[in-house]
Every structure is written in structure tokens, then in C-alpha cells.
Amino acid sequence: MRSIVLTKGVPDFSEGAVSFDDEGHLERGKTPTVMNPNDHFALEAALQTRVRHGGHVSGMSMGPPSYSSVLEEAMDYIYSDDSYLLSDRALAASDTWATAITLSAAIEKYQEEVADVDVLFAGFKTADGETGHTGPQTAWCLEWPIVTHVVALDIDPEARQLRAKRLVEGDVDEIETVEAPLPCVVIPDPEFSPTYRKASHRLEHKRLRAATQERAADHEAYLTTWDHEDMRLDPEYIGLDGSPTIVSSVDPIPKAPSERDATMVDPTDDAQMTPVLEELQPFAAGD
Amino acid sequence: MPTSDGEYEHYEALVVGCGPGGAAAAARLADHGIETLVLERGTAAGSKNVSGGLIYAEDSAPYTIDDLFPNFREAAAERPVTEYEIHNIAGNKVKTFDLTDLHEHDTDWCDAVLRRHMDSWLEGRVHELTSETGGGVLTDVRVNGLLRENGEIVGVTCDELDPITADLIVAADGVNSELARDAGLMDWEEPDEWFQGVKAVVEMDPDVINDRFDLEPDEGVAHLFSGDLFEDVRGGGFLYTNEDTLSIGTVFHLDSLVAEQAEPHQLLDALLTHPLLSQWLGDDYRELEYGAKLVPDSKKVAHREPYRDRLVLVGDAAGQMQAQGPIIKGMNHAVTAGALAADAYMLTRGNADPESPGRRYTTMLEQSGTMGKLRPRRYELSSTVGEHGLVTRVSEGVLNSPVGSVAVGNPIAKRLLAKAYNSPFLVGMLPDTETGYTTLPTIIGEQHGRTVHWENEVEPPSLEERIGDLTYDTDVGNPHIRLQDNSYEASGAAVYACPVSAEDFGGGCYRSETVKTNGSEETLVSLDTQPCVECGTCAIVADTEWEHPRGGKGVEFRQG
Ligand SMILES: Cc1cc2nc3c(=O)[nH]c(=O)nc-3n(C[C@H](O)[C@H](O)[C@H](O)COP(=O)(O)OP(=O)(O)OC[C@H]3O[C@@H](n4cnc5c(N)ncnc54)[C@H](O)[C@@H]3O)c2cc1C
Ligand code: SF4
Numbered sequence: 001m002r003s004i005v006l007t008k009g010v011p012d013f014s015e016g017a018v019s020f021d022d023e024g025h026l027e028r029g030k031t032p033t034v035m036n037p038n039d040h041f042a043l044e045a046a047l048q049t050r051v052r053h054g055g056h057v058s059g060m061s062m063g064p065p066s067y068s069s070v071l072e073e074a075m076d077y078i079y080s081d082d083s084y085l086l087s088d089r090a091l092a093a094s095d096t097w098a099t100a101i102t103l104s105a106a107i108e109k110y111q112e113e114v115a116d117v118d119v120l121f122a123g124f125k126t127a128d129g130e131t132g133h134t135g136p137q138t139a140w141c142l143e144w145p146i147v148t149h150v151v152a153l154d155i156d157p158e159a160r161q162l163r164a165k166r167l168v169e170g171d172v173d174e175i176e177t178v179e180a181p182l183p184c185v186v187i188p189d190p191e192f193s194p195t196y197r198k199a200s201h202r203l204e205h206k207r208l209r210a211a212t213q214e215r216a217a218d219h220e221a222y223l224t225t226w227d228h229e230d231m232r233l234d235p236e237y238i239g240l241d242g243s244p245t246i247v248s249s250v251d252p253i254p255k256a257p258s259e260r261d262a263t264m265v266d267p268t269d270d271a272q273m274t275p276v277l278e279e280l281q282p283f284a285a286g287d
Numbered sequence: 001m002p003t004s005d006g007e008y009e010h011y012e013a014l015v016v017g018c019g020p021g022g023a024a025a026a027a028r029l030a031d032h033g034i035e036t037l038v039l040e041r042g043t044a045a046g047s048k049n050v051s052g053g054l055i056y057a058e059d060s061a062p063y064t065i066d067d068l069f070p071n072f073r074e075a076a077a078e079r080p081v082t083e084y085e086i087h088n089i090a091g092n093k094v095k096t097f098d099l100t101d102l103h104e105h106d107t108d109w110c111d112a113v114l115r116r117h118m119d120s121w122l123e124g125r126v127h128e129l130t131s132e133t134g135g136g137v138l139t140d141v142r143v144n145g146l147l148r149e150n151g152e153i154v155g156v157t158c159d160e161l162d163p164i165t166a167d168l169i170v171a172a173d174g175v176n177s178e179l180a181r182d183a184g185l186m187d188w189e190e191p192d193e194w195f196q197g198v199k200a201v202v203e204m205d206p207d208v209i210n211d212r213f214d215l216e217p218d219e220g221v222a223h224l225f226s227g228d229l230f231e232d233v234r235g236g237g238f239l240y241t242n243e244d245t246l247s248i249g250t251v252f253h254l255d256s257l258v259a260e261q262a263e264p265h266q267l268l269d270a271l272l273t274h275p276l277l278s279q280w281l282g283d284d285y286r287e288l289e290y291g292a293k294l295v296p297d298s299k300k301v302a303h304r305e306p307y308r309d310r311l312v313l314v315g316d317a318a319g320q321m322q323a324q325g326p327i328i329k330g331m332n333h334a335v336t337a338g339a340l341a342a343d344a345y346m347l348t349r350g351n352a353d354p355e356s357p358g359r360r361y362t363t364m365l366e367q368s369g370t371m372g373k374l375r376p377r378r379y380e381l382s383s384t385v386g387e388h389g390l391v392t393r394v395s396e397g398v399l400n401s402p403v404g405s406v407a408v409g410n411p412i413a414k415r416l417l418a419k420a421y422n423s424p425f426l427v428g429m430l431p432d433t434e435t436g437y438t439t440l441p442t443i444i445g446e447q448h449g450r451t452v453h454w455e456n457e458v459e460p461p462s463l464e465e466r467i468g469d470l471t472y473d474t475d476v477g478n479p480h481i482r483l484q485d486n487s488y489e490a491s492g493a494a495v496y497a498c499p500v501s502a503e504d505f506g507g508g509c510y511r512s513e514t515v516k517t518n519g520s521e522e523t524l525v526s527l528d529t530q531p532c533v534e535c536g537t538c539a540i541v542a543d544t545e546w547e548h549p550r551g552g553k554g555v556e557f558r559q560g
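In order, the protein sequences belong to chains F and A. Take the first sequence: its position 184, counted from the start at 1, is 184 in my numbering, and no numbers get skipped. Take the second sequence: its position 287, counted from the start at 1, is 287 in my numbering, and no numbers get skipped.
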């Protein structure tokens with residue numbers, strides 16, 4: 001089994017870390033980069049595959065050189081064997097389309113020079129772009145099937161087939177089971193949870209953790225960086241020039257007023273409760 | 001690589017529990033090159049365990065922990081015990097005997113240990129050794145029962161994993177062994193077969209320890225306490241020095257706790273606040289952890305044939321915990337038993353009869369003298385009389401009479417008494433009655449003791465604070481203990497005997513409340529397992545359905 005996990009750095013939107021300028025624009029330089037939170041589910045799925053079926057996992061990311069820290073984080077998290085960073089000024093300001101072109105070129109290069117890939121895992125939406133397009137567009141470029149909103153995954157390496165449980169319309173109320181041939185793109189849902197019900201799987205998990213801790217300490221040695229020339233990409237089709245999408249403006253979400261008025265009401269006192277009930281009444285019907 | 005046995009995963013040997021018994025069994029199995037999987041329910045080995053704890057290496061034992069784990073003493077133990085004393089207490093009067101002779105009898109070495117540190121160190125070694133065989137240690141996995149095929153035990157079932165089969169199953173799952181009960185080898189019926197141990201770990205700077213106990217950095221001391229400071233509850237107290245903490249605790253007969261309706265935490269506090277302890281505890285008492293666990297009394301429960309089919313019991317699971325008078329030896333016997341069980345399997349490997357390892361193990365326990373220590377014949381002889389009350393009534397009567405007291409109190413007796421205390425033979429014979437625990441020490445204290453006038457400034461934390469200081473990962477909505485009968489008659493004893501409950505305390509596990517129904521009044525018991533320290537007491541003293549929490553859930557001891 002060989003898989004690649006796509007992961008990406010995003011500004012750390014957590015309280016205290018994120019920084020906006022006076023006009024409300026994100027200050028990338030001042031905001032630290034962390035791994036896209038939704039990529040964790042992709043990592044979990046890749047790890048489960050690795051633990052159950054063995055093989056090799058590579059982490060891959062497109063972005064500035066500083067994203068190597070995100071790949072290092074991925075190595076720590078999924079015990080990946082090595083990392084690939086697609087980094088080049090010509091790639092800057094890519095939208096999802098240009099990104100998909102770049103990623104699929106990188107995967108083709110990987111297949112030519114490293115090994116054939118069975119599964120490509122990608123995160124469900126990024127925390128900064130929120131489009132959820134990159135995965136499907138990459139699958140389209142590669143002409144591979146794609147399964148999204150995956151909550152459980154079983155792979156049959158001999159039959160070169162995977163079977164996934166997925167949320168229909170991204171909704172937990174309806175779950176369907178689908179099968180797809182390998183190679184395939186898999187986008188796990190935030191509801192994805194790995195299961196390790198065999199002792200041998202848990203022992204393997206533990207063994208990988210120990211091996212990775214040693215590896216991640218020396219991440220540079222396992223990192224390969226490719227630029228657009230390595231991937232034989234025409235600058236016309238990548239980066240800003242290859243990006244049909246233009247972000248017109250970004251609106252910061254207004255902060256909720258931090259002070260709210262609360263009136264204490266004694267629930268056993270009818271006189272106090274009547275106005276409360278009157279106020280709530282319109283919503284009681286589900287309006 | 002483990003093979004799949006038809007539908008189940010299969011390992012040659014499976015060890016449940018990674019305390020000293022399980023660690024020893026697994027290490028020895030790995031020495032023999034046997035593929036061994038160890039399952040431990042704690043999030044790390046030791047996170048569920050509480051001990052006093054002095055670990056002994058006996059000269060006569062076929063295996064000691066450092067035989068199996070070189071470097072154990074340097075890496076996993078605290079201070080060695082270089083001084084050993086017992087204090088007989090009557091009010092403020094204290095008579096101290098040096099017990100070093102008894103302590104050193106058959107002892108190669110003896111170190112104080114803290115179980116979290118010790119067991120997780122062992123876990124690391126065991127994982128290394130068993131990994132070589134294709135197995136390893138898995139934590140956070142609770143075995144919840146035995147897997148049977150046509151009525152024969154062939155494996156285990158777990159909360160977290162699919163069933164696993166094995167050729168040898170070692171139940172080293174401690175005093176509240178669910179496997180021993182599932183196999184019908186042990187029960188949870190009689191309180192008089194168990195002790196309850198309660199312990200506080202107290203922070204203290206190493207220099208302060210050296211100073212207050214008059215020790216060199218590589219020396220340690222053990223103090224034991226008996227007499228009337230625990231009123232009439234049969235049992236005693238201990239204080240052991242660690243590197244930078246003290247272990248202070250009490251061990252009482254469970255039936256006596258129930259009969260006296262005693263609150264375990266108050267008994268511990270009685271020890272902590274006794275004037276004698278002020279010289280050591282000073283005015284800066286900082287308790288790091290409060291914990292408790294049942295302790296089996298091997299004299300009564302050590303199973304003579306601890307096996308069924310391919311299952312063998314080792315350590316506390318088999319009741320192999322020897323109370324040699326005031327000296328408690330459980331960890332060392334668990335180590336011996338674990339290693340012997342592994343050897344027994346090796347010697348009978350390939351034999352078609354699944355019970356052959358168990359039979360061989362039983363013989364080895366006998367021939368190595370281990371069973372003789374656990375169930376001394378002289379105790380069985382004396383206890384039949386002792387427990388019929390005759391010896392007790394007579395000796396209590398004589399001792400309490402002016403003549404008896406004077407006899408114990410006269411100068412010759414003084415020498416003889418110290419000698420008697422130091423005789424493993426006599427100590428092993430004492431029936432478990434008030435005489436040994438309370439009457440005799442009290443009289444000794446009264447007659448020979450000197451009065452201590454020190455002011456003890458220790459203010460022990462309240463039960464609420466003690467619970468608050470513990471770490472829990474609660475399995476919300478999935479309580480591991482269920483009350484079967486909530487009448488006070490059936491389960492009321494748990495309200496006081498549970499170490500984290502008390503009458504008039506609403507924040508513990510067990511509470512009682514009086515409800516009025518149709519004009520009559522009834523006292524009912526309720527249970528909230530959140531503060532539970534998983535000691536096992538209420539499995540015996542109350543009508544419950546008792547299980548351990550799922551893997552990794554429940555209390556997590558940091559010291560043990
Ligand atoms: C207060 C106190 C003081 C003591 N003082 C001493 C002393 O000074 N010296 C001495 O030698 N002994 C002492 N003992 C006794 C000693 O602690 C025990 O005899 C000893 O720990 C027994 O070892 P064991 O390996 O059999 O069981 P344990 O040490 O109890 O280990 C059992 C292991 O099995 C695990 N386990 C249990 N159930 C399951 C399950 N279902 N699935 C998976 N894992 C499971 C537990 O988490 C635990 O790690 C004392 C005990 C107490 C409570
Ligand atoms: S609830 Fe039962 S097992 Fe838990 S601490 Fe209390 S007595 Fe012990």
C-alpha cells in the first residue's frame with residue numbers, strides 16, 4: 001500500500017494567534033502557520049491504512065518553505081515516511097484550480113520517479129479558503145475516482161478495491177457504503193474515526209510511533225522540495241497567472257458583543273415567567 | 001507474527017495485567033522465546049495501582065524482580081530499607097521495637113517503590129522483550145471476560161479489541177481479578193478474607209527527609225504503627241521513605257472495618273495527626289495523592305490450584321499476598337508466581353492437555369516453598385483454634401487482667417517481646433484477632449512506652465480535597481459498578497467502608513438517605529462512581545455488580 005496525504009498550512013486562527021491589520025486584512029506574516037485542522041482526519045485515515053496494511057506514506061504540501069513545519073507535524077502525527085514540499089515563487093497566489101494542476105503534476109512525477117500510488121488522502125476544506133475544491137479538482141486532473149465525506153474505510157489490497165462508508169450530502173443522518181477501484185482519492189469527513197480492534201494493529205501503531213519519533217527529529221533529511229521546473233509546469237498555468245479565481249474581499253466576522261444583559265428569573269414565580277414565555281413563544285412553533 | 005486462529009487473532013501466550021506479576025510472567029515467557037501479548041487496562045502500567053510499598057527480594061525465592069529485570073533497583077525503585085521499626089501506641093505513649101531482624105530474615109534486599117514509576121518502567125522493559133517475540137504490551141485495553149469454546153477457556157474478550165485466543169492465558173490482573181471470578185476460581189464473598197489498604201503520598205524534599213529521619217541519601221526507613229490509635233479496628237499503619245516523598249498508609253482487615261463502622265480516611269488521619277509523627281511531618285504537610293486498594297489475605301484465599309484449562313492465576317489474582325504479621329509481601333510473590341507460571345508453560349509446551357501448564361505451575365509453587373509461605377501450615381493449625389475464639393478469649397482475658405499486663409510489662413518480657421516480634425515463626429502464627437493488632441501493642445505501649453508530648457500540626461486534606469486532587473477520565477454514562485440492592489442492610493456498609501465515601505458527605509461514591517414511604521421510614525443507598533478509586537471494597541461489602549472501567553477510563557494514579 002502506498003499513499004500520499006495532502007496537507008496544507010493555514011494561518012493559526014485560534015484566539016490570540018491571529019493578527020489583522022487596521023483594515024481587517026489578515027496579516028500572514030504576523031500570524032503563525034499551523035496544519036489545516038481538517039487535514040487531521042485525512043492523516044488519521046492514512047495512518048489507519050498504514051497500520052492495517054503496512055506500506056509507505058508520504059506527506060505532500062504546496063506552499064512556502066515554511067510549510068515544511070506542517071509536513072513535520074504530519075510526520076509526527078501519521079508517522080509518514082517522508083515529505084514532499086512543492087515550493088516556488090511561481091506557485092505563489094495559486095487558487096484551487098492552479099493548486100490542483102500543481103498537485104496532480106507532482107503526483108504524476110512521484111508515480112514516475114518514486115512509486116505508484118494507491119490512495120491519495122486529502123483534507124476536507126481548508127480553514128482559510130473553505131472551498132473544498134482542491135481534492136475533487138486534483139482527482140479530476142488525475143482521472144481518479146474520488147470518495148468524499150468518508151467516515152469509515154476498508155481496503156482490500158489484493159482486489160485493489162476500497163470500500164467506504166460515507167455521509168450522503170455530508171449529513172450524519174444518511175450513510176451509504178460505496179466501493180471504488182484503486183488508485184482513488186479519499187476525503188475523510190470530520191466524523192471519520194479510525195478503529196484498531198486487532199492487537200496486531202495496535203502493536204504496529206506503537207511500533208510506528210517509536211520509529212517516527214526518531215525520524216521526525218531529523219525531518220530535513222526526509223524532505224524533498226520540488227519547484228515548477230522539477231514538475232515541468234508552464235508558469236502560465238500555475239500561480240497567480242493560472243488562477244481564474246480572484247478573491248475580491250475578505251470580511252472579518254464581527255465579534256459577538258462580549259457583554260450581554262442577563263436577568264435572573266425565578267422559574268417558580270409565574271409573574272416573572274410570563275414575559276419570558278411570551279418572548280419565547282414565536283420560536284416554539286419552530287419559526 | 002500472530003496468526004489468526006480461524007476467526008480470532010491468536011498469540012501463543014497472553015498476559016492480562018502489567019503489574020509485577022504480569023511483568024515477571026511476560027519477561028520470563030519472552031526469555032523462553034514465546035510470542036507474548038500483554039494487555040493492561042491503565043493508560044500506562046501503574047496508573048491503576050497502589051502499594052505500600054516495600055518490594056522484597058527473598059533469599060529463598062526462586063525468582064526476584066532484579067533477576068528478571070537487571071538494573072531494577074537503580075531505575076525503578078526509591079530508597080532501600082536500612083532501618084525497620086514498629087511503634088506500639090497507647091494514647092500518647094509509644095514503645096518502639098527495632099524490627100530489623102524480622103525484616104532481614106530471608107531478605108537479600110528490600111526497596112521502597114512507587115507503583116506508577118515502577119510499573120511504567122517495567123512496562124517499557126516488558127514491551128522491549130516481548131516485541132522480540134512478535135508480541136508486545138498494549139495499554140488502555142481492558143479484558144472483560146474469558147472466551148470459551150465448548151465450555152473450555154480458550155482466550156479472552158476485551159472492551160477495545162476483538163476476542164483473542166492463546167495457548168496460555170496468565171491472569172495477573174490483581175486483587176479484583178475479573179478473570180479469576182469468571183473462571184469460578186475466586187469469589188468476592190467474605191470480608192474477612194481481605195484487607196483494605198489506604199495510602200497518602202506526601203511530598204518532601206530529599207534533604208529534609210535525610211534530616212528528619214537521620215538518613216544518608218542512599219538509606220531509607222520503614223516505620224510500622226499499631227495499638228489503640230485505630231480504636232478497635234484490626235490493622236496497622238506504615239510510613240516508608242522514598243527519594244523525595246513519603247508513603248504513609250494503613251492496612252485493615254475489611255471485616256473489622258465493617259464491624260466497627262470505621263471510616264478509612266479518618267483512620268489514616270488518626271495516624272497522620274498522632275504526636276509521634278510530628279517529628280517527621282513537620283508543619284509543611286503536602287499530600288500529593290490519596291489512594292486505596294484491597295489486599296487479599298493469602299492465609300485464607302491463596303488458591304491451592306490456581307488454574308483452569310489454559311488459564312493460570314498469578315499474584316493478587318490468585319490471592320498470593322502474604323501478611324507476615326506487620327510485614328506485607330505481595331509484589332515479591334507475584335513476581336515469583338509469574339515467572340514460575342512461564343517456566344511451567346515452557347516445560348509442558350506442546351503437551352496436548354491444556355491443563356498441563358497449570359498443574360506444573362501448582363507443583364512448582366509447592367516445591368519452591370512459595371505456597372508454604374502463603375498458606376503456612378502452622379497458621380492453619382493455630383487459626384482453627386484462634387478463630388474459634390478460644391485462644392483469643394483466653395489470651396485477651398489474661399492480657400487485660402492486671403497479672404497479664406504486668407507479665408507483658410515486666411522487664412524480662414520487654415526483651416522477650418522484641419524477640420517474639422522478630423520471630424517470623426511466631427508472627428506467622430498470630431491469629432488475626434484483636435490480640436495481635438490492638439490489645440498486645442496497646443499494653444506494650446502502656447507498660448513500656450514513653451509519652452510523646454510533641455504537637456502535631458498536620459491538617460490532612462478533607463475527603464473532598466483528596467478526591468479533587470485525583471485525576472479521572474470519567475466514562476460518562478457508563479458506570480462500572482451497579483448497585484443491585486440499594487437497601488441499607490445490603491449495601492449500607494459501603495457508605496463508610498468505601499475509602500472515598502463517608503456518612504454525611506455528599507461528594508463521595510456511596511451516600512445514604514432516609515426516605516419516607518407510606519408513613520414508614522427507610523434508609524436507602526445511592527451510588528455515583530465518578531470519584532471511585534477502584535479499590536474493590538464495595539464488590540464485597542455491598543450488593544453490586546462490579547467491573548473495572550473500560551481501558552484508560554476512571555482514576556489515574558500518578559504516584560501509586
Ligand atoms: C496500601 C497497600 C500496601 C501494600 N504494601 C505492600 C508492600 O509493602 N509490599 C508488598 O510486597 N506488597 C504490598 N501490597 C500488596 C501489593 O500491592 C500487591 O500484592 C501486588 O501489587 C500484586 O501484584 P499483581 O501483579 O498480582 O497485581 P497488581 O499489581 O494489582 O497488577 C494488576 C494489573 O492488572 C491490571 N488489570 C486489572 N484488571 C485488568 C483487566 N481486566 N484488563 C487488563 N488489565 C487489568 C491492573 O491495571 C494492574 O496493572 C500493598 C497493597 C496495598 C493496597
Ligand atoms: S466505589 Fe467501591 S470500588 Fe470505588 S472506591 Fe468506593 S468502595 Fe472502592
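Please keep in mind that the hints were generated in silico from the structure rather than gathered at the bench. Among these hints, one or two may not hold up.
Stated by the list, open to error - Derived Cβ-Cβ restraints for the label pairs, each shown as a range:
1. A:Gly506 with F:Thr274: 31 to 41 Å
2. F:Gly54 with A:Glu85: 55 to 65 Å
3. A:Leu470 with F:Ser14: 27 to 37 Å
4. A:Glu545 with F:His56: 24 to 34 Å
5. F:Pro37 with A:Gly124: 56 to 66 Å
6. F:Asp154 with A:Arg349: 56 to 66 Å
7. F:Pro190 with A:Arg359: 36 to 46 Å
8. A:Ser520 with F:Asp270: 30 to 40 Å
9. A:Leu524 with F:Pro37: 28 to 38 Å
Even for Gly, the Cβ is constructed at its ideal location relative to N, Cα and C.
Now for the hints, and whether the structure bears them out:
Separation of A:Gly506 from F:Thr274 is about 35 Å and conforms to the stated range, judged on CB atoms against 31 to 41 Å. F:Gly54 and A:Glu85 have their C-beta atoms about 59 Å apart, which keeps the hinted 55 to 65 Å range intact. In this structure, A:Leu470 and F:Ser14 meet the distance hint of 27 to 37 Å, their C-beta atoms being roughly 30 Å apart. Distance hint check for A:Glu545 and F:His56: the Cβ-Cβ separation is about 48 Å, which falls outside the suggested range of 24 to 34 Å.
Between F:Pro37 and A:Gly124 the CB atoms are about 33 Å apart, so this pair departs from the stated range of 56 to 66 Å. Between F:Asp154 and A:Arg349, the C-beta spacing of about 37 Å breaks the proposed range 56 to 66 Å. Distance hint for F:Pro190 and A:Arg359: a CB-CB separation of about 55 Å, inconsistent with the stated range 36 to 46 Å. Under the hint 30 to 40 Å, the C-beta atoms of A:Ser520 and F:Asp270, about 36 Å apart, fit the expected range.
Hint check: A:Leu524 to F:Pro37, Cβ distance near 48 Å, so the stated range 28 to 38 Å is violated.
Taken one by one, the earlier hints fail for this structure at numbers 4, 5, 6, 7, 9, listed in ascending order.
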